[in-house]
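For the protein sequence lines, the chains are A and B, in the order given. If you use this note's numbering, the first sequence corresponds to residues -19 to 520, in order. If you use this note's numbering, the second sequence corresponds to residues 174 to 593, in order.
One or more hints might be untrue.
In silico EDC-like pairs for lysine to aspartate or glutamate, Cα to Cα no more than 16 Å straight-line [unchecked claim]:
#1 Lys215(B) <-> Asp487(B)
#2 Lys299(B) <-> Asp79(A)
#3 Lys342(A) <-> Glu37(A)
#4 Lys175(A) <-> Glu466(B)
#5 Lys342(A) <-> Asp99(A)
#6 Lys144(A) <-> Asp31(A)
#7 Lys175(A) <-> Asp297(B)
#8 Lys264(A) <-> Asp306(A)
#9 Lys342(A) <-> Asp50(A)
Just so you know, the hints here were simulated from the structure itself, not pulled from any lab data.
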Amino acid sequence: MNRFRLPILPLLVLTGVIVAVSWAARSSVSRAIPTNLPREMSLGNAIAEVDRKFDEEWSKFDLEPSALADDLTVFRRLSLALHGTIPSLEEIRRFESDDKPDRLTRWTLNRLRDRRFADYFAERLARSFVGTEDGQFVLYRRDRFVNWLSQRLRENEPYNEIVKRLIATDGLWTGDPATNFLTAAFSNDEFDEEKLASRTVRAFLGQSMDCAQCHDHPFDKWTQPQFQGLASFYGHTQLQFDGVRDFGFVDGEPLEYMIEDRETLEQKTISPAVPFGEEWLPAKGSRRDRLAAWITHAENRRFERAIVNRVWGLLFGRPLVQPVDDMPDPSDEPDLLDILGRDFREHNYDLRRLILTITSSKPFRLASTHSETEARRFWTHEEHSAVFPVTRLRPEQVIGSMLQAASVKTIDQQSNLLVRTVRFFREQDFVRDFGDAEGDELAERAGTVSQTLLRMNGNLPHELTKATPLSSVGRIAHSAGTNEECLDVLFLVCLTRRPTEAERTAMLAQLEGQYGNNRARAVEDLAWALLNCEEFSWNH
Amino acid sequence: MTSFPDMIRRDALKLAAGLGLSFSLPAMDSRAANSRGAERPKSLILLWMAGGPSQLETWDPHPGTKIGGDTQAIATSQRGLQISSLYPRMAEQMRHLNVIRSLVSEEGDHERGTYLLKTGYRPDVKLTHPSMGAVLAHELPTSKLEIPDHISLGSSPAPGRGGYLGDQFDAFKVYDPGRSLPNLRARVRDERQQRRLAALDVLSQTFASRRPQVSSRTLHQHTTKQALTMMQSEQLSAFSIEDEPEAVRDAYGDSQFGRGCLVARRLVEQGVRAIEVNLDGFDSHANNHEIHESRASELDPAFAALVNDLVERDLLDSTLVLCIGEFGRTPKINPLAGRDHWPTGFSCVLGGGGLGSGVVIGATDPTGKKKDPTDPVSVADLFATVFQTLGLDPAEEFLTPIGRPMAISSGTPLERLQKA
Chain A
-19 MNRFRLPILP LLVLTGVIVA VSWAARSSVS RAIPTNLPRE MSLGNAIAEV
31 DRKFDEEWSK FDLEPSALAD DLTVFRRLSL ALHGTIPSLE EIRRFESDDK
81 PDRLTRWTLN RLRDRRFADY FAERLARSFV GTEDGQFVLY RRDRFVNWLS
131 QRLRENEPYN EIVKRLIATD GLWTGDPATN FLTAAFSNDE FDEEKLASRT
181 VRAFLGQSMD CAQCHDHPFD KWTQPQFQGL ASFYGHTQLQ FDGVRDFGFV
231 DGEPLEYMIE DRETLEQKTI SPAVPFGEEW LPAKGSRRDR LAAWITHAEN
281 RRFERAIVNR VWGLLFGRPL VQPVDDMPDP SDEPDLLDIL GRDFREHNYD
331 LRRLILTITS SKPFRLASTH SETEARRFWT HEEHSAVFPV TRLRPEQVIG
381 SMLQAASVKT IDQQSNLLVR TVRFFREQDF VRDFGDAEGD ELAERAGTVS
431 QTLLRMNGNL PHELTKATPL SSVGRIAHSA GTNEECLDVL FLVCLTRRPT
481 EAERTAMLAQ LEGQYGNNRA RAVEDLAWAL LNCEEFSWNH
Chain B
174 MTSFPDMIRR DALKLAAGLG LSFSLPAMDS RAANSRGAER PKSLILLWMA
224 GGPSQLETWD PHPGTKIGGD TQAIATSQRG LQISSLYPRM AEQMRHLNVI
274 RSLVSEEGDH ERGTYLLKTG YRPDVKLTHP SMGAVLAHEL PTSKLEIPDH
324 ISLGSSPAPG RGGYLGDQFD AFKVYDPGRS LPNLRARVRD ERQQRRLAAL
374 DVLSQTFASR RPQVSSRTLH QHTTKQALTM MQSEQLSAFS IEDEPEAVRD
424 AYGDSQFGRG CLVARRLVEQ GVRAIEVNLD GFDSHANNHE IHESRASELD
474 PAFAALVNDL VERDLLDSTL VLCIGEFGRT PKINPLAGRD HWPTGFSCVL
524 GGGGLGSGVV IGATDPTGKK KDPTDPVSVA DLFATVFQTL GLDPAEEFLT
574 PIGRPMAISS GTPLERLQKA
């Protein structure tokens, strides 16, 4: 397991230039915490409506919601969901000294305006759009695709515009990175229209049509011809020297989308067709333009419901409707997804507003503890969001948190190059060893023995908990503070909270009478325990 | 790198005893190694040939034909059965085994083919099926084991996964078997380790006492205990081949795969339920013959030594050995002297675990003109055979997380392979 130790120095040198160039291009962000929410961000009605819906649901099922979580706990959730790391001590101190009203909501806006949000969320969204596979080398540039998404998020581009671009953009995968959504499905010298159709409905409408791909869907009303009709929208998409283009003709002949009939084995032409909402489909335009217009049409409830459900899932670690890419048909009665979806649509498909609304509503602010002792009743509470769900952190979140815990200062785009590059390599390595969740990242998962061993005895956690002059552990151990203060800081750095009385008593005993290097060893051991406890690697 | 004698530290037992309830250890119990023959709990050893081995250069040679290439055939200890001359040592062992030469699948892509051959099901976007080994670990838990009961040895592009059964059934990965075990040694001396675990205990109690229901679901305490148990288990010695006689190690061959097969035999003796040993590099789109020569130089001694060892130790009847990859390779030799992907009419070797022996199923067309083999066997039927042999009812259903019932295998066991 010494694998990352060896390559890190030579690779640092080799890639330093590349990293330096790409990072230098990044803009700095304002660190100011807004004192007021911008007027156009007024969320009052939306939050009230969401809260009312939950109040109704809780009283209908006779549920008592948890008490509100304390602000630091919510602050930790926000940082994990939006930046993929726990907050730094620096940030915690600033947050705690902010005594103006609406502290959490204003800090959420601050998190959203941070470069770390755009980068982290871009990766999350990329997974839902193109999965994790590498695609065909040269024709598919995942890095550019993610950077492009990050740029869209930084500019807060409306979500429907982003999706339109993904489906309908022409051009080169390098110069117009949105086209990587298409080239990711290019193999054996052609576009895989079925793969594209399948991804399109899964990612943007939260519908799975993959069963219909080979036969009629066994459960729903989706059929094979409907699926083929959707695939036909990608039937004009061609790869040319100047990139991806739609062509109606090839060598003067009309280009048709042909498939082999499974019964007769004859080739038949399939015309573009949508399975519902024909009236939303424009009569004119390229096939992909028409499809993009249909998918993002304001009356296509599936479009807004799918992204609301996914964002909810990324914020809570668990979506409202599971699985995110196979949601049931919307019903006549508007539910929570519709309430949030409508607000999202009416405010120009603003992802930041959607995130602010969800994170300001009651369920996000509830504690993950509940007085209900009966297991079945407790799960009913969880099912109806009357208690905040405890979910496993993604591998990147665990690594991000470990690295952040090892540093007193905030690790972000303003940290120095060395810290960031080291972070980059460590992350890659740890994520591979820790096991990536791959595509099904919102599925419920428990930990494994390998991961536990890696966390307990692996090289990275060992390095990070060493008391060196630069590490948080070293600084805490060698600072002049009392043992009490030392413990407080250690807990804040690792768990974003202060110790309980029981913890304080037990751990002060470990620090008592320890000086110099012995104290450093004792602090290292406490830090190890903090990084290995359940609370550290679960969202709560 | 961790060395083995260092890892098994008796002091660690004392250490855990001092911890109180949370991280205390289960009592040691008798080992599966003590029993032999049919009374023994059954195990599976999957020899995974990543990349898709050519049937023509392994178990289904067609010498002297247009499709046969440079590969010759040799007689084996099984009357009437010939295999590729690249496998002289396996030829001696074939009487203990069976060959299927007519496997058919619809997956000619590495990733999809691997998924099918590891799980018995075609890829499905809605759920991830458990691998063969994960199903066994789930259905036949071994209470006496302190090390994982689903283990992958050697570097593999796709180690067995727990899928919808849960990540805790993922194969435990040992990348360099017989040489090093990752992350199994504590980083500090016992005294400090004890202090660390004491602090961890306090923290765990805080979290769990506030969330009793949740904590049982996260499995965090459970896996922590498992990890600590494993770190100090004497059973870890099963991963080490240092105390094996040199002659034995030589017989398996000085390769990662050879060491993996030897470790697999030791793990079986320890009672591990499912082990996969990986041999990569079969994707011979160019220079097919040279590639298979090189692969055979590792596979032949290791596989043969493994079978021989299992027979001599009376473990073969309780250990099913299956050697297979994600598909076979084209009868046609391409302009680069390679063979491409071929999911119809590929071969596998299997035996032991209570199966009969000496059976050859199916045949491929020596001219290469007919795509379909005679007596085709589906991947699902192969899986059903393995599960039934190891004592499971293939038709039994799991309820998957999406609420869809799913049979352990959708196939029908091949009665011809059962003991007469």
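A quick look at each hint next to the structure:
The suggested pairing of Lys215(B) with Asp487(B) holds, with an alpha-carbon distance near 12 Å, which does not exceed 16 Å. Our distance criterion of 16 Å between C-alpha atoms is broken by Lys299(B) and Asp79(A), whose separation comes to about 47 Å. Simply put, Lys342(A) and Glu37(A) have alpha-carbon atoms about 13 Å apart, close enough for the 16 Å limit, and the pair holds. For the proposed pair Lys175(A) and Glu466(B), the alpha carbon gap of about 38 Å is over 16 Å, so the pair is violated.
Proximity of Lys342(A) to Asp99(A) is assessed by CA-CA distance (about 27 Å); at most 16 Å being required, the pair is judged violated. Straight-line distance between C-alpha atoms of Lys144(A) and Asp31(A) comes to about 32 Å, which puts the hinted pair past the 16 Å bound. In summary, the hint linking Lys175(A) to Asp297(B) is supported, as the alpha carbons are separated by about 13 Å, within the 16 Å threshold. This hinted pair does not check out: Lys264(A) and Asp306(A) have alpha carbons roughly 30 Å apart, beyond 16 Å.
Distance hint between Lys342(A) and Asp50(A) is fulfilled; the C-alpha atoms sit about 13 Å from each other, no more than 16 Å.
Comparing the model with each earlier hint shows violations of hints 2, 4, 5, 6, 8; every other hint is respected.
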